[in-house]
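Chains as they are written, first to last, in UniProt numbering: chain A, 1 to 325; chain W, 1 to 325; chain B, 1 to 325; chain P, 1 to 325.
Since the hints were made in silico from the structure, they are not lab data. Glycine residues also receive a C-beta, built at the ideal position from the N, C-alpha and C atoms. Treat each hint with caution, since some may be false.
To spell it out: a stretch of chain P is covered by chain B in this simulated footprint if at least three of its residues, at any positions, have a beta carbon under 8 Å from a beta carbon of chain B; those stretches are [claimed, not checked]:
{"#": "1", "segment": "71-77"}
{"#": "2", "segment": "159-165"}
For lysine-lysine, the following DSBU-like pairs were computed, each having C-alpha atoms within a straight-line distance of at most 35 Å [what the hints assert, rightly or not]:
{"#": "3", "chain 1": "A", "residue 1": "94", "chain 2": "B", "residue 2": "216"}
{"#": "4", "chain 1": "W", "residue 1": "31", "chain 2": "W", "residue 2": "5"}
{"#": "5", "chain 1": "W", "residue 1": "216", "chain 2": "W", "residue 2": "242"}
{"#": "6", "chain 1": "W", "residue 1": "208", "chain 2": "P", "residue 2": "58"}
{"#": "7", "chain 1": "A", "residue 1": "216", "chain 2": "A", "residue 2": "199"}
{"#": "8", "chain 1": "A", "residue 1": "216", "chain 2": "W", "residue 2": "216"}
{"#": "9", "chain 1": "B", "residue 1": "240", "chain 2": "B", "residue 2": "208"}
{"#": "10", "chain 1": "B", "residue 1": "58", "chain 2": "A", "residue 2": "216"}
{"#": "11", "chain 1": "W", "residue 1": "208", "chain 2": "W", "residue 2": "94"}
{"#": "12", "chain 1": "W", "residue 1": "199", "chain 2": "W", "residue 2": "216"}
{"#": "13", "chain 1": "W", "residue 1": "216", "chain 2": "P", "residue 2": "214"}
{"#": "14", "chain 1": "P", "residue 1": "214", "chain 2": "W", "residue 2": "31"}
{"#": "15", "chain 1": "W", "residue 1": "5", "chain 2": "A", "residue 2": "240"}
{"#": "16", "chain 1": "A", "residue 1": "31", "chain 2": "A", "residue 2": "58"}
{"#": "17", "chain 1": "P", "residue 1": "58", "chain 2": "B", "residue 2": "6"}
{"#": "18", "chain 1": "A", "residue 1": "208", "chain 2": "A", "residue 2": "242"}
{"#": "19", "chain 1": "P", "residue 1": "94", "chain 2": "B", "residue 2": "6"}
{"#": "20", "chain 1": "A", "residue 1": "208", "chain 2": "B", "residue 2": "240"}
{"#": "21", "chain 1": "B", "residue 1": "199", "chain 2": "B", "residue 2": "242"}
{"#": "22", "chain 1": "W", "residue 1": "199", "chain 2": "W", "residue 2": "94"}
{"#": "23", "chain 1": "P", "residue 1": "94", "chain 2": "W", "residue 2": "199"}
{"#": "24", "chain 1": "W", "residue 1": "5", "chain 2": "P", "residue 2": "216"}
{"#": "25", "chain 1": "B", "residue 1": "5", "chain 2": "A", "residue 2": "5"}
{"#": "26", "chain 1": "W", "residue 1": "240", "chain 2": "P", "residue 2": "58"}
{"#": "27", "chain 1": "P", "residue 1": "242", "chain 2": "P", "residue 2": "214"}
{"#": "28", "chain 1": "A", "residue 1": "214", "chain 2": "W", "residue 2": "318"}
{"#": "29", "chain 1": "B", "residue 1": "5", "chain 2": "A", "residue 2": "208"}
{"#": "30", "chain 1": "A", "residue 1": "5", "chain 2": "A", "residue 2": "58"}
{"#": "31", "chain 1": "A", "residue 1": "94", "chain 2": "B", "residue 2": "242"}
{"#": "32", "chain 1": "A", "residue 1": "216", "chain 2": "A", "residue 2": "240"}
{"#": "33", "chain 1": "A", "residue 1": "94", "chain 2": "A", "residue 2": "5"}
{"#": "34", "chain 1": "A", "residue 1": "58", "chain 2": "W", "residue 2": "242"}
{"#": "35", "chain 1": "W", "residue 1": "58", "chain 2": "W", "residue 2": "199"}
{"#": "36", "chain 1": "B", "residue 1": "6", "chain 2": "A", "residue 2": "31"}
{"#": "37", "chain 1": "A", "residue 1": "318", "chain 2": "B", "residue 2": "318"}
{"#": "38", "chain 1": "W", "residue 1": "242", "chain 2": "A", "residue 2": "216"}
{"#": "39", "chain 1": "P", "residue 1": "216", "chain 2": "P", "residue 2": "242"}
{"#": "40", "chain 1": "P", "residue 1": "94", "chain 2": "P", "residue 2": "31"}
Number of protein chains: 4
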Amino acid sequence: MAQIKKIGLFTSGGDAPGMNAAIRAVVRTAKYYNIEVVGIRRGYEGMINGELFPMDVKSVANIIQRGGTILKTARSEQFRTPEGRRLAYDQLVKHGIEGLVAIGGDGTFTGARIFGQEFDFPIVGLPGTIDNDLYGTDFTIGYDTAINTVIDAVDKIRDTAESHDRVFIVEVMGRDSGLIALRTGIASGAEAILIPETKRDIDALMDKLEHGRKDKSSKIVMVAEGDDAGGAFEVGRQVKEKFPNYDTRVSILGHIQRGGKPTCMDRVLASRIGSAAVEALRDGHRNEMIGIIHNELSYTPFEHACKHHIEINANLLKIVEILSI
Amino acid sequence: MAQIKKIGLFTSGGDAPGMNAAIRAVVRTAKYYNIEVVGIRRGYEGMINGELFPMDVKSVANIIQRGGTILKTARSEQFRTPEGRRLAYDQLVKHGIEGLVAIGGDGTFTGARIFGQEFDFPIVGLPGTIDNDLYGTDFTIGYDTAINTVIDAVDKIRDTAESHDRVFIVEVMGRDSGLIALRTGIASGAEAILIPETKRDIDALMDKLEHGRKDKSSKIVMVAEGDDAGGAFEVGRQVKEKFPNYDTRVSILGHIQRGGKPTCMDRVLASRIGSAAVEALRDGHRNEMIGIIHNELSYTPFEHACKHHIEINANLLKIVEILSI
Amino acid sequence: MAQIKKIGLFTSGGDAPGMNAAIRAVVRTAKYYNIEVVGIRRGYEGMINGELFPMDVKSVANIIQRGGTILKTARSEQFRTPEGRRLAYDQLVKHGIEGLVAIGGDGTFTGARIFGQEFDFPIVGLPGTIDNDLYGTDFTIGYDTAINTVIDAVDKIRDTAESHDRVFIVEVMGRDSGLIALRTGIASGAEAILIPETKRDIDALMDKLEHGRKDKSSKIVMVAEGDDAGGAFEVGRQVKEKFPNYDTRVSILGHIQRGGKPTCMDRVLASRIGSAAVEALRDGHRNEMIGIIHNELSYTPFEHACKHHIEINANLLKIVEILSI
Amino acid sequence: MAQIKKIGLFTSGGDAPGMNAAIRAVVRTAKYYNIEVVGIRRGYEGMINGELFPMDVKSVANIIQRGGTILKTARSEQFRTPEGRRLAYDQLVKHGIEGLVAIGGDGTFTGARIFGQEFDFPIVGLPGTIDNDLYGTDFTIGYDTAINTVIDAVDKIRDTAESHDRVFIVEVMGRDSGLIALRTGIASGAEAILIPETKRDIDALMDKLEHGRKDKSSKIVMVAEGDDAGGAFEVGRQVKEKFPNYDTRVSILGHIQRGGKPTCMDRVLASRIGSAAVEALRDGHRNEMIGIIHNELSYTPFEHACKHHIEINANLLKIVEILSI
């Protein structure tokens with residue numbers, strides 16, 4: 001097999017802190033192996049529209065510490081159609097691109113899998129999403145930063161909750177997964193955590209508010225946006241209705257969770273798997289997501305990586321119950 | 001006049017970062033002058049209910065850097081009645097308290113003014129509110145921290161806005177005052193700022209979205225919660241209606257703005273005026289709020305400090321227009 | 001075996017962020033199982049001197065987010081002698097303590113192992129040290145916070161290095177281990193990393209400075225304090241001597257690396273193993289350090305945990321070389 | 001007078017956070033008034049060497065929040081000579097530059113004053129230095145960020161000082177001025193502050209260590225690098241010698257003080273005076289530094305701005321003494 005000479009690189013789906021560190025690692029590792037890199041702006045949409053440009057080591061100078069993605073990201077309706085994917089393929093051929101590194105989440109890899117099979121095109125993926133809801137890696141790029149952003153915000157909310165003896169219902173990201181809510185709930189000393197993986201945990205919350213310690217001056221309830229109880233506003237409504245004596249407030253953390261400087265661990269993760277992505281393409285890998293499992297590189301076929309419903313570690317759930325005493 | 005021997009200290013109204021630094025300064029300065037300090041929990045409500053306790057230098061160890069208020073704060077309906085105020089007065093007399101230091105905002109000082117006149121009781125006030133909407137001081141305790149919390153959040157939002165080419169409508173605190181929105185808007189490079197002090201600034205926003213530079217990849221619009229356009233959700237609704245092609249999002253920063261470690265300037269301000277409050281009571285001041293105007297201590301009668309509608313510096317407004325080009 | 005009724009708890013050795021989260025978890029889990037907790041101040045020294053006091057859930061309110069250790073820590077010469085350990089044992093007996101939770105590092109566990117054997121006393125340990133140099137756990141409490149403190153500092157240094165085109169030699173903690181230098185070097189985009197585990201890496205640095213890219217405007221060199229080249233000042237001296245044209249500066253990060261709010265991961269780790277420590281004593285464990293290996297609790301005899309010279313992951317070393325191109 | 005059409009812009013001397021916000025404001029305001037901007041890299045050195053390039057609004061996109069200076073900075077020996085300044089002048093003429101905005105400190109303005117007179121060239125200056133040691137402005141760009149960086153570091157040091165009952169001697173920047181040490185000392189709750197403006201304050205420190213409260217568990221001593229006692233190492237040496245029982249440590253904060261994201265106030269200050277600089281050149285100002293005094297723009301001739309020895313506010317000094325009780 002002839003050595004690969006030119007690769008394309010893009011980010012897709014929701015942005016996540018650390019994507020820039022991954023971009024830098026891909027570009028620098030490619031340089032190390034004398035492979036050219038073509039940056040593709042705005043994910044699959046930009047691929048179709050021909051937003052391609054050459055990248056070199058200077059393109060990625062001083063970005064390892066920046067949130068967001070310098071390649072920008074977008075969702076693409078066109079890419080869901082065979083015509084759209086054909087246009088994308090034509091662009092890759094036109095630019096002499098022989099392999100792709102895709103940074104994104106579930107939707108990104110589903111697209112990559114279909115495209116890769118359709119055109120027999122080598123693609124490897126890097127898990128870039130704050131939700132941490134992919135198989136084949138202990139952590140996704142952006143998760144560690146997002147959970148630190150959350151606890152920083154909840155620490156601030158705790159200050160005001162303590163000063164006013166309030167109950168705060170805090171909503172964090174996680175449409176299908178409670179992994180952000182779970183770890184940040186433990187780390188914030190939350191009194192209860194409501195996540196999609198456990199049903200009717202709102203009953204446990206109500207029970208704790210009724211029978212729990214009365215001498216606590218403030219209470220934090222962490223709610224994943226995808227919880228079956230229906231989000232923080234609905235939980236807040238029910239708490240206010242049942243416990244009118246509590247001074248109950250709702251806070252939706254929202255988009256701040258996606259941004260910010262990546263943490264050390266997110267930068268190291270992104271650097272390692274970004275570098276490994278180039279080596280994987282050189283070594284003939286394709287249709288695989290690269291992750292890190294227990295400190296070692298791992299390679300998972302896209303179809304396995306995309307499965308939802310990561311199982312929640314039982315010990316983590318138990319900790320919440322015990323420590324919120 | 002006999003020297004004052006024992007003073008009471010409380011925080012009231014919304015909590016603000018730096019209140020603890022002020023509490024520490026009051027207690028330590030009192031110690032320096034051999035004055036006893038009685039802490040009063042939960043503001044006027046705790047004063048009525050007898051939540052008083054002696055404080056010494058150890059009570060305030062290691063709190064200068066903490067958000068919230070160790071004395072807690074609350075609103076008090078009872079204190080609005082003559083009966084409530086009488087109960088409060090009785091508590092002060094019972095504990096031998098000869099003067100009060102009240103840390104809070106507009107409502108706190110209105111209460112202090114009435115109480116002070118009713119019972120001929122010496123009270124001095126310290127401006128503790130993130131809104132910066134008091135006469136008699138350049139800055140209130142908490143304002144500098146709050147605006148840094150806001151720009152930290154908006155910097156994160158900018159990361160994701162840039163990555164997705166989005167318009168973000170960001171709501172910050174300020175029911176009657178646009179001072180938080182104004183400075184944070186300038187510091188965040190916001191494209192437009194909507195504040196209560198200027199009417200129909202939403203028209204200017206719409207005009208800028210229609211006729212402004214088209215090559216900007218993201219746009220931040222900063223809205224004070226008290227703006228006449230009706231809050232960020234309403235502004236977002238109108239922008240989405242008029243500009244359906246923009247990817248427009250709304251973010252309400254909410255309660256995180258009240259918490260967090262106080263900044264250096266908030267700690268220095270709180271330390272200086274906290275210390276000055278004790279000296280003021282010693283020197284026979286009463287019915288005055290202590291602030292800092294152009295780096296010098298200032299003393300303003302409560303009735304003047306409470307006036308609303310601080311005038312917005314015209315240069316600041318102009319800067320927004322010029323720099324958002 | 002009769003159920004354990006009362007346990008002692010202390011921190012020892014260098015403080016590490018997250019120790020308070022562990023203390024909180026121990027106290028709350030003990031409460032959950034109806035076990036009394038006696039706090040011991042200043043480690044073994046306080047144990048000998050009788051600095052023991054009862055702790056309850058209120059003792060640990062609002063500490064999960066605080067750096068340092070509320071139990072304080074110290075080194076103890078007395079405890080190295082049989083007489084000292086006898087005094088310590090007498091104190092434990094006097095207070096009815098039936099088991100101990102020791103939070104610390106290598107030295108702490110060595111002491112615990114000897115004491116536990118000498119008096120047949122049940123002790124379990126929690127790894128609390130920023131150095132991450134213990135067997136039996138993927139991470140020690142404090143490491144994740146420390147590496148984020150370092151990259152935050154180096155990001156600042158990079159700002160000024162970029163502005164002035166400077167070479168910065170940055171020294172981080174790690175007397176026997178380069179684990180802090182290694183991950184923070186990768187995450188900071190360092191041009192070279194000097195660690196005790198690899199000898200004469202200063203030669204590689206000199207080589208890179210001589211033959212590397214000339215168009216880089218700034219260079220960061222990360223040095224572990226225990227590197228064989230002799231610390232940042234010595235490395236800086238050699239660089240200045242050999243490359244007088246470079247504007248070379250030295251920065252010793254020092255003690256800031258031990259403090260600060262613990263990160264989310266440090267709080268979760270501390271909470272999990274703090275809780276597990278109480279359950280371990282209930283279940284008859286002794287002479288073991290509790291850690292987390294690949295997201296699951298692990299139990300390692302003290303004598304194994306204490307071995308030094310953790311092997312450096314080869315992939316991490318390679319990444320440094322590739323990415324600093 | 002014909003309207004000015006093209007201006008040059010540079011940063012010089014030590015970098016300071018907020019310089020980029022000032023650069024952005026100059027470029028955008030120039031655009032607003034249809035004035036071209038030429039960026040000059042590396043200060044006077046780059047001016048001499050012809051490192052000039054056109055800037056537009058895109059050149060300054062997304063830099064308001066970044067530390068350092070995108071224009072880089074350097075010291076220039078050549079510019080101290082008439083020949084060097086002649087070369088610089090020739091470059092300005094060659095590029096059609098009719099006025100200059102210089103961002104820097106004392107040395108920058110001294111150079112600007114000489115150059116401006118020599119060639120009758122319009123120059124206005126913006127105070128960009130963390131030291132805050134210039135007349136004609138309440139604050140210099142970078143000071144507010146630097147003091148927050150310092151207290152963040154000292155808060156971390158306090159964590160470890162408290163845990164170990166240590167005395168920490170912390171050195172901060174300030175060769176001729178104690179303004180950083182003074183405010184950060186107050187804000188960190190330092191036990192003593194040693195600054196160049198007050199002589200033999202080390203005696204007061206020794207006295208306090210000997211006769212002060214013995215029940216304090218930790219002590220922070222803040223030393224400006226230019227203090228007459230000779231820096232933190234020397235102060236530490238003397239403390240260790242006189243008080244061998246204390247566990248005394250020294251920490252030099254160093255270069256981290258120059259970097260980092262600018263605070264809200266630094267960004268607002270930089271934006272206002274950056275914008276005012278362009279208007280000043282349009283209005284015929286020259287040989288003046290633009291600052292803000294009590295929230296209003298101020299214009300100070302270079303020769304006055306450069307005088308050293310800003311007087312220390314007496315109230316600030318007194319606060320240190322009282323609050324360190």
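For a quick check of understanding: which of the numbered hints are violated here, in increasing order?
Checked against the structure, the hints that fail are numbers 8, 11, 13, 15, 17, 19, 20, 22, 23, 25, 28, 31, 34, 35, 36, 37, 38, while the rest are satisfied.
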